[in-house]
Amino acid sequence: DIQMTQSPSTLSASVGDRVTITCRASQSVSGWLAWYQQKPGKAPKLLIYKASSLESGVPSRFSGSGSGTEFTLTISSLQPDDFASYFCQQYNTYPLTFGGGTKVEIK
Amino acid sequence: QLQLQESGPGLVKPSETLSLTCTVSGGSISGTNYYWGWIRQPPGKGLEWIGSIYYSGSTYYNPTLKSRVTISVDTSKNQFSLKVSSVTAADTAVYYCARLGLYGKVDYWGQGTLVTVSS
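Sequence lines, in order, name chains A and B.
In this note's numbering, each residue carries its 1-based index in the first sequence increased by 46.
In this note's numbering, each residue carries its 1-based index in the second sequence increased by 4.
Hints may contain errors.
Unchecked claim - Short derived list, chain A residues pointing at chain B, Cβ under 7 Å: (1) 80; (2) 89; (3) 92; (4) 108; (5) 129; (6) 137; (7) 140; (8) 141; (9) 142; (10) 144; (11) 146; (12) 147.
Unchecked claim - Subject to a maximum C-alpha distance of 30 Å in a straight line, what follows is the list of computed BS3-like cross-link-like pairs (lysine-lysine): (13) B:87 x A:153; (14) A:153 x B:17; (15) B:87 x A:85; (16) B:70 x A:153; (17) B:81 x A:153; (18) A:88 x B:87; (19) B:87 x A:91; (20) A:153 x A:85; (21) B:81 x A:91; (22) A:149 x B:81; (23) B:49 x A:91; (24) A:96 x B:17.
It should be emphasised that the hints constitute simulated quantities derived from the structure, not laboratory data.
Source: prediction; values computed, not measured.
The C-beta atom is built at its ideal place from N, Cα and C for all residues, glycine as well.
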């Protein structure tokens, strides 16, 4: 199985901050990487697919980059609605696997 | 607007079989560009893909669960289902049904249903 490792596990930030979350794969997943946002008690929501493609309706302050084994999710200017958990997922190889998550908290 | 809704018992006894159904509305489960799958999340923990099915019945399962999991599809009812046998407390989780693109990104999720394994 491909292991997905996210860092940090928790991040404290303020409104307006630029935030970067990293996801590393144990082997190359090419560009087959997605990012999701999850709020408490809710299902995850797709933000980014194919490493850098923005899902329809997702604000442009979210962006993704990377390929191979290292990927980043960047929020250019953190908004109150962005305090949530974020997960990466590889879909290059079965079984599909997710990172352990990054919780973005209010500083 | 596509919607997915999980249904099934919220409490299952250890060693018994967990059964959930996902009803899809606002779109056909027989579309050629999508798989339909199950993903679970133990309380306070991360996400685990359980398996996926194509409308034709072709399946992929997570090897860690494969011996206990069956996913099936009923295109006439626009539903797909999950069975997990011989459950233990470790199977306690929120179970999500979801639509996956052909390559595996998850673009639609059900609201999730908590299944607790306890006697």
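Exercise. Taking each numbered hint in turn, which are not upheld by the structure, reported in ascending numerical order?
Worked result: 4, 5, 13, 14, 16, 17, 22, 24
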